[in-house]
Amino acid sequence: MADTREVAEKFIDRIEGLNFLEAFGMLAADGHYTVIGKTKASRTYNGRQDLFDNLIPLLSTFVEPPRLAFDRPVVDGDRAVLLAKGSGRGPTGPYDQPYYAFVTRVRGDEFVEIIEFMDTTMLETAIFGKKLVDA
Amino acid sequence: MADTKDIVRRFFDTLCSGDFERAFASMTADATWSVIGSTAVSGTLDKAGMLSRQVPMLASFKEPPVVGVDEIIAEGDRAVVLAHCKGVGPTGPYEQKRYAFVLRVRDGLVAEVVEYLDTVAVETAICGNRLIPA
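Quick mapping for you: the protein sequence lines, in order, are chains C and P. For the first sequence, the numbering used here begins at 2 and goes up steadily by one. For the second sequence, the numbering used here begins at 6 and goes up steadily by one.
Hints should not be assumed to be uniformly reliable.
To be verified - Calculated lysine-lysine pairs in the BS3-like style (CA-CA distance at most 25 Å, straight line):
hint, chain 1, residue 1, chain 2, residue 2
1, C, Lys39, C, Lys132
2, C, Lys39, P, Lys67
3, C, Lys11, C, Lys86
4, C, Lys41, C, Lys11
5, P, Lys67, P, Lys10
6, C, Lys132, P, Lys102
7, P, Lys52, C, Lys41
8, P, Lys102, P, Lys67
9, P, Lys10, P, Lys102
10, P, Lys91, C, Lys39
11, P, Lys67, P, Lys91
12, C, Lys86, C, Lys132
13, C, Lys41, P, Lys91
14, C, Lys132, C, Lys11
15, P, Lys67, C, Lys86
16, C, Lys39, P, Lys52
17, C, Lys39, C, Lys86
18, P, Lys102, P, Lys91
Said to hold, decoys possible - Under 7 Å between C-beta atoms, here's a sample of chain C residues computed to sit facing chain P:
hint, residue
19, Gly38
20, Asp79
21, Ala136
Note that these hints are calculated values from the structure, not bench results. Built from N, CA and C at the ideal position, the CB exists for glycine as well.
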């Protein structure tokens, strides 16, 4: 059975290699994937199928997929926190995320929990076609 | 020497008590605090900036933000604090159901904090902005 760091590093290799489907396929069938905030993509996806059916299509609209580069993960027991930065081009604007964090919990060779932290305003402008104005 | 998790736990206990000056005193002289995103409060502050900009920003809340720590994950000199927060900012309700603070410690002190949060909530509750279709 893989240990926490090995699972985290496999995920990192897949994301850095732009193999997003294989990376997200590491979520357990009964795992939970949360995108923070209140964007169209933000919620907890319950199970791998929910993730593939509902989040992946939202992210498949990138004009240039985000290329991420990771730091060494912070590993503590079954927890691994994966820190990254990256950029690409969304359907409605440049996508620049100098601070990404994936907070994960590992079970066996899968993730049972992933919480994705990023600049949610960037999601809104680059993917969902919004802009900021004075209230 | 105390381990990373203990140092970070004490730091957050002090922060959550509202004693910012004592919390900042437990940071290295060259410590930095970064907030992700491109909001008016995003960017990297040194210790002087924390006191001159961050503390007044927090003081501008109509109801002070109450932060609760849920978990601390640590390895070596790095720790990740998972937390939540609720209050009322100067321009609207402020809620962060999930916060992540990534810290680095050095010589028993906090040397770096990076605050990962929902930047849209910052824009609406603190900066007085809103999102509309482009």
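Structure-based check of each hint:
no.	hint	result
1	Lys39(C) - Lys132(C)	15 Å, holds
2	Lys39(C) - Lys67(P)	22 Å, holds
3	Lys11(C) - Lys86(C)	17 Å, holds
4	Lys41(C) - Lys11(C)	28 Å, violated
5	Lys67(P) - Lys10(P)	32 Å, violated
6	Lys132(C) - Lys102(P)	23 Å, holds
7	Lys52(P) - Lys41(C)	36 Å, violated
8	Lys102(P) - Lys67(P)	19 Å, holds
9	Lys10(P) - Lys102(P)	22 Å, holds
10	Lys91(P) - Lys39(C)	15 Å, holds
11	Lys67(P) - Lys91(P)	12 Å, holds
12	Lys86(C) - Lys132(C)	22 Å, holds
13	Lys41(C) - Lys91(P)	22 Å, holds
14	Lys132(C) - Lys11(C)	36 Å, violated
15	Lys67(P) - Lys86(C)	34 Å, violated
16	Lys39(C) - Lys52(P)	32 Å, violated
17	Lys39(C) - Lys86(C)	21 Å, holds
18	Lys102(P) - Lys91(P)	8 Å, holds
19	Gly38	4 Å, holds
20	Asp79	10 Å, violated
21	Ala136	5 Å, holds
The structure shown violates the earlier hints numbered 4, 5, 7, 14, 15, 16 and 20.
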